[in-house]
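Given the coordinates of chain V, work out where chain Y should sit on it, guided by the hints.
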Amino acid sequence: MIEVQGLYKKFCADIKYNMLYGIKDTFLKAPTQESYMRLRPKEFWALHDINFTVRSGDIMGILGTNGSGKTTLMRLIAGIYETNVGSIHLIDNCRITPIFALKSGMSPVFTGMENIYIKGSMLGMSKAEIEEKMDFILSFSEIEDFIHMPFGNYSSGMGARLAYAIAAATDPDLFIIDEALAVGDDHFRNKCFEHLRDFARGKNKCVLFVSNNIDKVSKVANRVLVLDKARLALDTLDIQEGFDYYLNKGYESLDDFSKQEVLLQKKNVKKS
Amino acid sequence: MLSSFQKVYNYRFLILQLIRVFALSPYKKSFLGGLWLIFFPIITVIIWIFLKGAGIVDPGDTEVPYPVYVLLSTSIWGLFLQLYKTVSQSITNGGRMMMMNSFPHETIVASLTITQLINFAILMIINISVILLFGVRLSWLSFLFPLTLIPLILFGMTIGLFVAMLRVIALDLCQAIDEGMKIVMYLTPIVYAPKIEISWLQSIINYNPLTYLIGFSRDILVTGDLSLMKGYFICFAGTLVLFPLVLRFYLKNESKILERLINN
Numbered sequence: 000m001i002e003v004q005g006l007y008k009k010f011c012a013d014i015k016y017n018m019l020y021g022i023k024d025t026f027l028k029a030p031t032q033e034s035y036m037r038l039r040p041k042e043f044w045a046l047h048d049i050n051f052t053v054r055s056g057d058i059m060g061i062l063g064t065n066g067s068g069k070t071t072l073m074r075l076i077a078g079i080y081e082t083n084v085g086s087i088h089l090i091d092n093c094r095i096t097p098i099f100a101l102k103s104g105m106s107p108v109f110t111g112m113e114n115i116y117i118k119g120s121m122l123g124m125s126k127a128e129i130e131e132k133m134d135f136i137l138s139f140s141e142i143e144d145f146i147h148m149p150f151g152n153y154s155s156g157m158g159a160r161l162a163y164a165i166a167a168a169t170d171p172d173l174f175i176i177d178e179a180l181a182v183g184d185d186h187f188r189n190k191c192f193e194h195l196r197d198f199a200r201g202k203n204k205c206v207l208f209v210s211n212n213i214d215k216v217s218k219v220a221n222r223v224l225v226l227d228k229a230r231l232a233l234d235t236l237d238i239q240e241g242f243d244y245y246l247n248k249g250y251e252s253l254d255d256f257s258k259q260e261v262l263l264q265k266k267n268v269k270k271s
Numbered sequence: 000m001l002s003s004f005q006k007v008y009n010y011r012f013l014i015l016q017l018i019r020v021f022a023l024s025p026y027k028k029s030f031l032g033g034l035w036l037i038f039f040p041i042i043t044v045i046i047w048i049f050l051k052g053a054g055i056v057d058p059g060d061t062e063v064p065y066p067v068y069v070l071l072s073t074s075i076w077g078l079f080l081q082l083y084k085t086v087s088q089s090i091t092n093g094g095r096m097m098m099m100n101s102f103p104h105e106t107i108v109a110s111l112t113i114t115q116l117i118n119f120a121i122l123m124i125i126n127i128s129v130i131l132l133f134g135v136r137l138s139w140l141s142f143l144f145p146l147t148l149i150p151l152i153l154f155g156m157t158i159g160l161f162v163a164m165l166r167v168i169a170l171d172l173c174q175a176i177d178e179g180m181k182i183v184m185y186l187t188p189i190v191y192a193p194k195i196e197i198s199w200l201q202s203i204i205n206y207n208p209l210t211y212l213i214g215f216s217r218d219i220l221v222t223g224d225l226s227l228m229k230g231y232f233i234c235f236a237g238t239l240v241l242f243p244l245v246l247r248f249y250l251k252n253e254s255k256i257l258e259r260l261i262n263n
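Chains V and Y, in that order, give the protein sequences. Every letter in the first sequence is one number past the one before it in numbering that gives the first Met the number 0, and letter 262, counting from 1, is 261. Every letter in the second sequence is one number past the one before it in numbering that gives the first Met the number 0, and letter 136, counting from 1, is 135.
With a Cα cut of at most 27 Å, we get these calculated DSS-like pairs of lysine-lysine:
#1 Y:Lys6 - V:Lys204
#2 Y:Lys251 - V:Lys15
#3 V:Lys228 - Y:Lys255
#4 V:Lys28 - V:Lys15
#5 V:Lys41 - Y:Lys255
#6 Y:Lys255 - V:Lys23
#7 Y:Lys84 - V:Lys23
#8 Y:Lys251 - Y:Lys6
#9 V:Lys228 - V:Lys215
#10 Y:Lys251 - V:Lys23
#11 V:Lys204 - V:Lys132
#12 V:Lys126 - Y:Lys27
#13 Y:Lys255 - V:Lys28
#14 V:Lys126 - Y:Lys6
#15 Y:Lys6 - V:Lys132
#16 V:Lys190 - V:Lys204
#17 Y:Lys255 - V:Lys15
#18 V:Lys248 - V:Lys218
#19 V:Lys41 - Y:Lys251
#20 Y:Lys84 - Y:Lys255
#21 V:Lys28 - Y:Lys251
#22 V:Lys15 - V:Lys41
#23 V:Lys15 - Y:Lys84
No lab work stands behind these hints, which were simulated from the structure alone. All of these numbers come straight from a predicted model, not from anything done at the bench.
Next up, chain V with everything else stripped away, as it sits in the complex (with noise of 0.2 Å):
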């Protein structure tokens, strides 16, 4: 379903640097594929070489610790991006839902109905699809009873099921979720994977799960990839060998804090 070759991607690290080149590359030359390949002072690799094919079924779990370029990839994959070096495949008309940030774009001051229309025609819903999919928005999300209070006055938890359920609705062929289940009980986050089981069993359908929270990939992915360092490190069918590779490659370089956490997801792992 999708296919990625050779995918590269820069940034840089210091505000006027960054500032500069936009300025050259924008308004002087635009860079070609070789000038690209080049870093320039201050720039470094966010994606350096990624090649990796999701197929239909799949439930892709990407591990990778801050920085790794998860996101990035993610971005590249839902067209935010602009692909500068390598390609990506995607199948024909292939429609992608993605969420960053579960609540992003929703506005406070207008009530969850308003925000269902708001919130689906992002995501490129018409008015029709939206209100054919009410219903199931609406016992999805589990919060009828407040449907017309305004979204600012939601908890973070109720907020994440309505978009969560909005997003659902779309009924895409790609899903790409980036640390998006964060927030929501473990009923509306058990909830949302059951959803993603059963919305990668239908035809030409696949999900990209972004985390570098193991305990959450365990519960959803049926394949694993790891990114290190801009670098795709591990692709995996076998779970259990990208938690391992992950634990042990990415704990080297976690802080303190991190390192705490990642041995507390280790434990919880091994007890489910």
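Same frame as chain V, but now just chain Y:
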């Protein structure tokens, strides 16, 4: 560029929703709500009547009562300025939404523009009521007024789109342009008559496209005077060339610029 228009059309329901958000959000928490749209122009008229009555400003000869002249001129200038401001802030203000959601970003520019046009339409209904109250009769060409605004709208959007990119990668230049807009306001005959005695200032006014784009629309509405027509159509032709060029450049580079946005 055609595919871009196609995308905007496909996402027309989103545009409608964003217009609601942009237009109604400021008033959602207000008891008076949209009534503020009526109060603002009334307050402006009162201020200008007061300034004129107190002899603080001497506008020179205007063919219509001075408050009417100022009210119309500043309103039309306001349309240009608001279009410039909102469009030029579209990437910086909407950047987070653009980074977190996958939708055609042209829809934000389209929604912001339409929102400003709606605000302006409401304002003009008030203005025309005030004009009639002053006993000024509208010209027989006044029905053309909305159409005469097209080049001004395109001009505001053209500068706005260009500055939207600068706001991310060349903040110094963009701030200079923002400040420059304040100077441009004083170099455009909107609070004084277009014919003045200072020769150098008169030259600047004569070369300022806004003199024609604002003045012609204002004259069409109240006096029917066509003396600015030649300059107006030259500016119109200019915007018809410039707008597609800048729009194309914006569409080509907007995603690269977005990557360089820091506050996402």
